[in-house]
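Trainee: Residue numbers (the numbering used here), protein chains in the order written: chain A, 15 to 181; chain B, 39 to 457; chain C, 445 to 686.
These are calculated hints, taken from the structure and not from any lab test.
Treat the hints loosely; a few may be bogus.
As the list claims (entries may be wrong) - With a Cα cut of at most 27 Å, we get these calculated BS3-like pairs of lysine-lysine:
hint, chain 1, residue 1, chain 2, residue 2
1, C, K490, B, K115
2, A, K35, B, K217
3, B, K143, B, K154
4, B, K157, B, K217
5, C, K610, C, K560
6, A, K35, B, K154
7, C, K489, B, K115
8, B, K154, B, K115
9, B, K157, A, K35
10, C, K481, B, K115
11, C, K651, C, K664
12, C, K594, B, K143
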Amino acid sequence: MIALFILIPLIVLAALGAIWKARPVHAALLLALSLSLVAVLYLLLGADFLGLIQFSVYVGAVAVLIVFSLLITRPSDETKEIARRPQSILAGLICAVPVLAVLVYSVSYSIGSDEVSESSPSQFELAELGKSLFTTYAPAVMAVAVMLTAVMIGAALFARDFNQRES
Amino acid sequence: MNFLANQVDLSNAVDAPAIWTTLEALPQLPNRLVEWVGFQMNAPAWLATLLGMLVSAAVVVGVFLTCFALVSLVERKTLARIQNRYGPNRVGPWGLFQPVADGIKMLTKEDIVPDKAEKLLHLIAPIMIVIPAVLALGVLPYGKEWVPVNLELGLLFFFAVGAMTELSVFIAGWASGSKFPMLGSLRAISQMVSYELPLLISAIGVIMMTGSMSLPSIVEHQSQYNFGFISNWNIFTPWGLVGGIVFFIACIAEANRCPFDLPEGESEIVAGHMTEYSGFKYALFFMGEYLGLFAISGLFITLFLGGWSAPFAGLEFVPSWLWFFGKLVCVIMTMLWIRGTWMRVRMDQLMRFCWLFLIPLSLLTIPAAGIWRFCGDGFLAGLLGWGVTIPFLIIPYIIITVILNRRLAPATRQYHFAE
Amino acid sequence: MESSANTENATASKPPAEQKWILPGWGLYQGLVVTAKNFIQSYYKKDRLTTVQYPEERAPISPNFRNFPFLVHDGDDADAGLRCTACSICEKSCPPQCIYIVLDRDENGKSKKRPKVFEIDLSVCMNCGICAEVCPFDSIYMDNEFELSKDDRFGDMLYGLDRLVKSTDYHAKIRPEQAAAVAASRKAAAEKKEAAAKAKAERLKKKAEEAKLKKEQEEKGGDAQDDADGTPTPPSEKGDTK
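Given the sequences, and given the hints that come with them, work out the whole structure.
Mentor: The following block contains the structure:
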């Protein structure tokens with residue numbers, strides 16, 4: 015319990031730092047720190063699988079990809095200008111508000127009920143998780159898979175275009 | 039030795055000579071000693087547990103630091119022999135104290151931090167390189183009784199902490215504030231991210247066969263014997279053979295070793311992300327690299343080469359951890375052999391090899407493992423399994439290597455000024 | 445395509461080797477076999493491990509190897525047997541001018557035909573061997589000692605007579621052929637010189653007798669004819685075999 019009270023402010027601090035840090039690489043590293051602290055939080059709560067997945071996916075892949083793309087796409091003054099435009103802010107809001115809404119809804123939903131404390135995550139089985147992922151939540155998994163495939167194809171197309179222009 | 043024999047389960051080795059059983063229990067000796075002392079001193083339970091943890095951690099770290107020292111010497115000697123040289127032979131007999139001399143040199147060197155470096159990150163990076171390697175070493179089963187930390191999700195844990203390496207390599211490269219480290223770390227990250235995929239995917243077959251992510255149970259599954267004597271190692275199955283080879287290649291790439299040592303190619307970018315480090319920080323990088331090499335070779339052994347299990351029935355009397363370390367020596371010597379033979383690949387060759395060859399092949403091992411599983415056990419089922427899975431693997435392999443390779447490979451390079 | 449036209453010409457002379465297609469990556473396996481052979485045979489085959497462990501083992505030095513010059517003396521006494529006459533030919537012909545010679549003179553200022561100071565600065569010497577080539581007295585030759593590292597770059601590298609002079613035996617040891625040829629030519633020259641001296645003595649004697657005879661005749665009547673033979677002994681030929 016004490017660990018939670020130490021961890022959660024740290025997570026929040028790291029996340030705030032990720033937003034306010036001037037240098038993009040610092041921000042990305044702080045984001046990685048915040049994500050890995052969340053993974054530690056999961057581990058402390060007994061959700062081993064989730065914590066390890068969080069670590070390997072978010073710290074190992076996503077943070078690295080963010081850092082990587084930050085480096086190979088040099089942010090020029092022009093991109094800063096674009097970021098300040100009202101359209102960009104609007105687009106950001108359109109992305110952020112639904113996420114916030116979902117978060118607020120799920121948190122407020124779980125505060126009232128006793129469900130959380132009853133189903134202890136330590137009882138959960140890996141095989142159960144796999145089954146539910148590919149039966150109950152199959153559509154969501156498929157949607158994510160399709161999205162990731164689209165992203166990959168898009169990236170490949172971009173890379174291809176880039177290569178052709180060079181030659 | 040009485041208390042020791044009492045603590046260790048001897049049911050598996052009743053008729054074995056006493057020397058072997060004692061050897062089998064040897065890695066537990068410090069733990070047993072601490073337990074015994076705790077019992078004599080009437081120590082509280084939490085203290086005994088804590089001390090036990092610390093001691094088992096110390097054993098792993100001690101053993102692998104010794105291995106690191108030895109391998110750094112053996113590597114130089116082996117490479118020297120391959121190149122018709124003697125290698126280090128000045129410090130002590132056969133150069134055995136060369137690692138000590140290297141350590142003294144590293145420790146007494148000036149610690150240089152470049153002006154443009156990010157001081158804090160520059161300091162953190164070498165530490166962050168060593169931590170995941172040590173953590174990963176903690177979950178491997180080295181022997182029947184010798185499992186430092188028995189995690190239910192050991193394999194996942196291994197990959198999760200391994201993911202940290204990429205970030206620390208990036209931090210090392212970026213915090214140095216110099217060009218070569220940056221280039222080196224970009225190379226390293228792109229290589230590690232790419233080769234993590236075949237590594238993970240080829241491990242999935244093993245998880246499917248065992249039905250568990252716990253590394254001790256994966257070894258347990260492989261330590262049975264088919265037809266009474268041939269061990270049930272995963273490398274002896276069609277999917278395991280393909281998966282094992284892919285995994286081994288990906289291991290070499292993850293450990294940044296030749297022929298995939300582009301991140302620190304001396305002739306191209308000095309030392310990659312380690313360029314701006316000196317003294318003990320450089321030694322830490324070196325150590326992290328070797329500990330990571332041991333960890334990933336150990337995982338390869340655990341997943342495909344049967345971990346601590348003996349290759350043939352009737353050889354189980356040899357202590358299980360000796361088998362593990364024997365296999366580790368074989369794997370590392372193979373890596374040294376490869377390093378002494380093959381040349382470094384180009385960046386585009388590296389990426390093409392991973393994405394166009396290793397990943398499709400490793401993806402194939404998943405359905406192949408499924409087919410193998412449904413063929414069942416026994417001689418006829420095994421024959422059927424080989425019969426079905428071999429064409430299943432070979433035909434796409436030929437398609438990939440011959441047809442796709444020819445279509446996608448760039449035209450042979452023309453060197454304008456060579457000859 | 446345009447760029448390949450260039451290279452086609454270049455590679456046309458050498459047709460590409462016929463590629464054997466046994467296994468994909470066949471060359472890689474062949475390479476592994478080669479290195480494995482190297483590794484294993486290095487433990488029992490001498491020609492797989494050709495390194496000479498230098499301070500303990502030494503490769504034989506070729507008789508043609510030469511670096512810094514040294515001075516030769518005959519006999520046992522380095523001071524008396526010194527062949528050098530301080531003629532300064534080497535000093536003048538030395539390209540980096542690393543040789544410094546002071547002629548030794550007696551109290552009357554007459555040359556003693558030997559050097560008082562003979563110094564070679566080895567840190568300047570470029571091992572060209574011209575001094576050894578030009579020396580008319582078989583005095584200076586090239587040494588083959590190469591372990592000359594010193595603490596002091598000025599004093600220790602300035603070699604005086606004490607360190608330069610070495611015996612003929614040493615010369616015979618490091619460069620037997622050359623030393624033998626030199627010895628032979630010196631011996632021949634010495635014999636020739638001796639013969640010449642003998643002949644001259646005889647001639648002088650004869651002349652003296654003739655003069656005496658003449659004088660006697662002169663005394664009888666007629667003037668005398670004086671003759672002085674001052675032909676110097678020819679310098680010995682160098683027997684340089686290189």
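Trainee: Taking the hints in turn, state whether each one holds.
Mentor: How the hints compare with the structure:
With a C-alpha separation of about 17 Å, the suggested pairing of K490 (chain C) with K115 (chain B) holds against the 27 Å cut-off. Note on K35 (chain A) and K217 (chain B): the hinted pairing holds, with a Cα-Cα distance of about 23 Å set against a maximum of 27 Å. Among the hinted pairs, K143 (chain B) with K154 (chain B) is consistent with the structure: their alpha-carbon atoms are about 26 Å apart, no more than 27 Å. A threshold of 27 Å between alpha carbons decides the hint, and for K157 (chain B) with K217 (chain B) the separation of about 17 Å falls inside it, so the pair holds.
Restraint check: the Cα-Cα separation between K610 (chain C) and K560 (chain C) comes to about 17 Å, which is no more than 27 Å; the hinted pair holds. About 19 Å separates the Cα atoms of K35 (chain A) and K154 (chain B), which keeps this hinted pair within 27 Å; it holds. With a CA separation close to 17 Å, the supplied pair K489 (chain C) and K115 (chain B) stays within the 27 Å bound. Proposed proximity of K154 (chain B) and K115 (chain B) is contradicted: the alpha carbons are some 38 Å apart, above 27 Å.
A C-alpha spacing of about 17 Å is found between K157 (chain B) and K35 (chain A), which places the hinted pair at or below 27 Å, so the restraint holds. A hinted pair counts as satisfied when its Cα atoms are at most 27 Å apart, and K481 (chain C) with K115 (chain B) qualifies at roughly 15 Å. The straight-line distance between the Cα atoms of K651 (chain C) and K664 (chain C) is roughly 19 Å, inside the 27 Å bound, and the hint therefore holds. With a C-alpha separation of about 26 Å, the suggested pairing of K594 (chain C) with K143 (chain B) holds against the 27 Å cut-off.
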